[in-house]
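Q: One-letter residues, chain by chain:
Number of protein chains: 2
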Amino acid sequence: GQSTHGRGHPPYRRRVQAEQIAEEFPVVAIDSDALAAARLLAEHRLPGIVVTDAAGKPYAVLPASQVVRFIVPGYVQDDPSLAGVLSETVADRSAEKLRGKTVRDVLPEHLRDVPAADADATVIEVAAMMARLHSPLIAVVKDGELHGVITASRLLAAALRV
Amino acid sequence: GQSTHGRGHPPYRRRVQAEQIAEEFPVVAIDSDALAAARLLAEHRLPGIVVTDAAGKPYAVLPASQVVRFIVPGYVQDDPSLAGVLSETVADRSAEKLRGKTVRDVLPEHLRDVPAADADATVIEVAAMMARLHSPLIAVVKDGELHGVITASRLLAAALRV
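These protein sequence lines are chains A and B, in that order.
Just so you know, we're using our numbering here: the first sequence kicks off at 36 and counts up by one.
Just so you know, we're using our numbering here: the second sequence kicks off at 36 and counts up by one.
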């Protein structure tokens, strides 16, 4: 960013910028274990996870609602009415569906656009992007690298000064 | 539910049911203060909130990504490119947009379907609904009343036995 975008908050530029409210957040590599990614989300109660490519750059953002898709058999995704007639065996072995698979294997096609904001984006810009993309997380990118993540609740806390 | 759906888990019915993993969760009434609802979500880092009607029944589920819409001026929602040229004054006063408004006033039209599961739904049924509706929360309804809420991370924890 330019020098006027620094952390000094001079009185003539008081607006909050994305990089100031971005937080560190667990990320998973695209070729890492899908089961480990799902466990990470479950254990830390995350609203979603950032998936990075081999170079460590943001590749996708997986909302928690789409990570749960990992445990739904394909034929149930195609016909949800089948979920109710699954045997207990299938329902109880949902974790096995993930064994040996990578995040890349289970990443839905429609999520391969990264909801990413520049480091100097405003709270309103990030909010507008989040609402439009229905994403619980926005990746904040600075100089082409992942700088941090803004969750919806973090964004509201910043906007409402909670 | 029927007697075989009880909490005794006899060996011939081991599958986990929605009511067993549902949790208590903050809810907001449709005619309550929109600013208070946004603060609740921010303070507790919730993935979303359940909106109830005057009778206390589930009316809508608001994902956090849609609550952030509350602070985005209407003209920016219509034309996101305007977000970058907002004056600092507008950006810094985003909370004032909510003052005096109720949740009903700011509830997006497209969210008025409640992602709700029956108390005896399976983990796979809830997961399939969550993935299809892109909802971070599913309301669990028993005998017509809100019984609790299942978040995506809670569902994964149950499925993966984290």
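Calculated from the structure, these hints are not laboratory results.
A couple of the hints might just be wrong.
Identical chains share a label here; the pair holds if one copy fits it or two copies do between them.
The list that follows gives simulated cross-link-like pairs (lysine to any residue, SDA-like), each with its CA atoms no further than 25 Å apart [unchecked claim]:
1. 92 - 108
2. 132 - 51
3. 132 - 192
Q: A separate judgement is required for each hint: does it hold in the structure or not?
A: Structure-based check of all given hints:
1. 92 - 108: Neither. Shortest intra-copy (30 Å) and inter-copy (32 Å) distances fail the 25 Å Cα cut-off.
2. 132 - 51: between (43 Å within a copy, 17 Å between copies)
3. 132 - 192: between (37 Å within a copy, 15 Å between copies)
In the structure shown, a violation is registered for the earlier hint numbered 1 alone.
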